[in-house]
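*Asks:* Given chain A's structure and the hints, the job is docking chains B and C onto it.
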Amino acid sequence: MGSVTATVASPTDGHVTPWFRTFGAIVAAGFRRHATYRQAAVAGVVTNTVFGFLRCYIFLAATDAAGTVAGYDRAQLATFVWAGQGLLAVIAIWGWTELADRIRSGEVAADLLRPVHPVTNYLAVDVGRAGFAALARLVPPLVVGPFFFAVYLPRHWATVPLFLLSALLAVVVCFGCRYLVNATAYWLQDVRGPMILWTLGSGVLAGLYFPLGFLPGWLEATLRYATPFPSLLQVPLDVLVEREPMSTGLGLVGVQLGWAVLLLALCRLVQRRAERRLVVQGG
Amino acid sequence: MNVIEMDGLRKEFTVRVRTGTLRREKRTVTAVDGVDLRVERGEMLGYIGPNGAGKSTTLKMLTGVLMPSAGRARVCGLRPVADRTRLALRIGVVFGQRSQLWWDLPLRDSFDLLRHVYRVPAGAHAARLARCRDLLDLDAFLDTPVRQLSLGQRMRGELTAALLHGPEVLFLDEPTIGLDVVSKQAVRGFLAELGRAGDTTLVLTTHDLADIERLCRRLVVVDHGRVVHDGSIAELHRRYGSRRMVVAELDTALPEPPVLPGAPVQRVEADGRRLVFALDRASVAEVVAGLAGLATLRDISIVEPDIEEVVARLYQSERKGPLLTPGV
Amino acid sequence: MAEVGGGALRAYRALLGAQARSQAAYRTSFVVDLVGNLGATVFDVVTVLVIFGVTRELGGFTLRETLVVVGLSSCGFAAADLLVGNVERLPRYVRTGLFDAVLVRPLAALPQLLLMDLPLRKVSRAVFGLAVLGFALASAGIDWTPGRVALAVVAPPAAVVFFASVFVTTATVSFYWVDSGELANSVTYGGRDFTSYPVTIYGGWFRALFAYGMGFAFVSYHPALALLGRADPLGLPAWVGWASPGVALVAAAVAVVAWRVGVRHYRSTGS
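Protein chains in written order, with this note's numbering: chain A, 1 to 283; chain B, 1001 to 1328; chain C, 2001 to 2271.
Derived from the structure by calculation, the hints contain no laboratory data.
We put the beta carbon where it would ideally sit given N, CA and C, even for glycine.
Errors might be hidden in some of the hints.
[Said to hold, decoys possible] Here are some chain B residues the structure puts well away from chain C; computed CB gaps all over 10 Å:
no.	residue
1	E1005
2	G1008
3	S1069
4	H1125
5	D1143
6	A1197
7	H1207
8	E1256
9	P1257
10	P1264
11	V1265
12	G1272
13	A1295
[As the list claims (entries may be wrong)] What follows is a set of in silico ranges between Cβ atoms, one per label pair, in the way DEER data are often shown:
no.	chain 1	residue 1	chain 2	residue 2	range
14	A	L112	C	Y2026	23 to 31 Å
15	A	V143	C	V2261	29 to 37 Å
16	C	E2057	A	V143	26 to 34 Å
The shape of chain A in the complex, shown without the other chains:
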């Protein structure tokens, strides 16, 4: 967590402890706010479960006579799918338009009046939301999946903490992408174009529709380093099913960290540009 939050801390801010306290308070508020949507969480779990079954059967059908495909065995595929259905809700790829809506309605001006930087504020709320989703949306498919499919359990003790770190980084990366997509509302009348591109691109390139290992090796590698998408789902899931040796896994999480830092820096840059524009043109 330290490495994540440190990247958003204002470099001029000498008071790290109060900063953490503020961040923590906003995280807690985000958690509580999303904990009120319990019925929607139940409906979401049911949907994730149905798609868990679908994807699991589809991918398993692609395995060869030895029961492997693209470096996954059947149990690894099952874990990949079921954990992926939960992680999908934790990182919340789709449906976040709050910032764009606030920009369009002008309410965003109120965000600028707060003592906390807007990027930090929205990130903290999102981390809180992800915390609730981890309990309400990630745990159920991890429990349901093993009842119906043979799943893979990590062998190395370090895999679970590394997966949790990787999942947290995935939340930050996903938040950064969504923030940038939403922030186009500062310049565009209608953000549906960027929104659609993001929805389409993230679904396919993150590893949701199929594990990216199904693609040719060079393409998977290019996507991994040149785009943030695999950092959303593919990397944490590969870490969880130990598709690569631990050292490679660490390297992949390092790439995720790089994307997280880069995206948050970009968010702040975009936000500064947007604020200057707001000040100059009066919104």
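*Replies:* Quick look at chains B and C alone, frame taken from chain A:
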């Protein structure tokens, strides 16, 4: 002839109340609690009550949106839910906070569409539209998309939309809510004109008692789903003892508020130079005479009873218990 | 009655025209949406192609055979989504009062709602789905008989009716459970994914539930078998392939009843 008949009309909702982290309790809320009402052709009926009194629910039952839990409702002799589409051709409905117009189209297009939806002959449609354009000053924004209209302009459009098929009954749910003063007056003026013509029955719910004073001779006050008053505004004042007030402006303040028989002092304002008396039994002349001996009168004015105040008192007495006639 | 019917048709046509004019007001967004919706369906097909990149067969079916299944499914789903998919916005219609507004008009509620919000941008999807089906039928090496030609003509509209019925039926859940959120998606979009593959790849009660309990096997799998002239590995007789119009009609009847019951429930609860 009765255009609207309600007999023991009742509507209950079941709501789930969270009583613990996981426990929920079902509770029955009675929104409309046995309403009997008759409305004759050409009447203008004002329906008022505090939030949650069951006004909108009643309107929804009369327009066929909601089914009564018990009791009987007839509008134009039809059963609102069972004969919904036939009834729809004979009534007009305006839900104040909800638009019936096409958001992205100019008003003119919405009106034209409604002609098809209600299958109105072109001639009749044109005549009614011309009249509304004239009375509601629509021409300035007839070609503007609805989403760009101000609330007042939109409401004038909604009224027109509800009238283009020549309904026998017009239901208005909060037609002036959120409007500025000028728009309110335009809407009230139009509705008053409609009422004068006498062939449209008008039922309106409102929070704004000025709507009622301007438009309706008959006033129905509901609270907790029950009718607590049905009659004219004058009857309401009589029944609840609302009093006229005399405001006396004095040259210099009196050391103590004067005691005048039959006219207790209600308020002392402007450092004692303005006194407000309630006319219980005394007449205006008696108050003036009584004051003349005590101070120099600069001005005197009479304030008519405030319906807002009467209704507030009505709700209060409702909450406290059985209705007595207060203030007498 | 006939006069009333004709008048209603004219009214519905007017509503459709208004919807087209409304959307024309946002031309750029419309084009963006058109392309975006196309992309969504393209990716569905790409997913199938990618999976066939790592395997030669899926549940005993080759790529060319599977594409017939995919074509029927995506063509049926996309057209149904275009025509009635927006019924999934029912909770919003209820919340914004649009539902009450259509109830006080002299037309049936469901056609009004659908026509007032018809997402014409989804046309691109439906066209693409049809193209995939055309390509699949042309390249699957089908031994065309008059019966198969008839089936190729009837099966896609049957799939449309079936998916449309699924959209309506699942949307009525929100009459009872307003916060049901994405629950309906598990059956609508889930059904689309389910019907994109031969049902032989699924197993156990999950297959029984989706394929035969809800009837999704009759949308694309069984018609595809009949077109390809293949026996069902699961052992159902060949004539089942021709059952899709019948199943679609049953589904439509279920949808009509579910909608009526749902509206009656709304009327008595006014959620």
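*Asks:* Give a verdict on every hint.
*Replies:* Comparing the hints with the structure gives:
no. : hint                          : verdict
1   : E1005                         : 19 Å, holds
2   : G1008                         : 17 Å, holds
3   : S1069                         : 7 Å, violated
4   : H1125                         : 13 Å, holds
5   : D1143                         : 13 Å, holds
6   : A1197                         : 23 Å, holds
7   : H1207                         : 18 Å, holds
8   : E1256                         : 58 Å, holds
9   : P1257                         : 53 Å, holds
10  : P1264                         : 47 Å, holds
11  : V1265                         : 49 Å, holds
12  : G1272                         : 53 Å, holds
13  : A1295                         : 58 Å, holds
14  : A:L112 to C:Y2026: 23 to 31 Å : 29 Å, holds
15  : A:V143 to C:V2261: 29 to 37 Å : 34 Å, holds
16  : C:E2057 to A:V143: 26 to 34 Å : 33 Å, holds
Violated hint: 3 only; the structure is consistent with all others.
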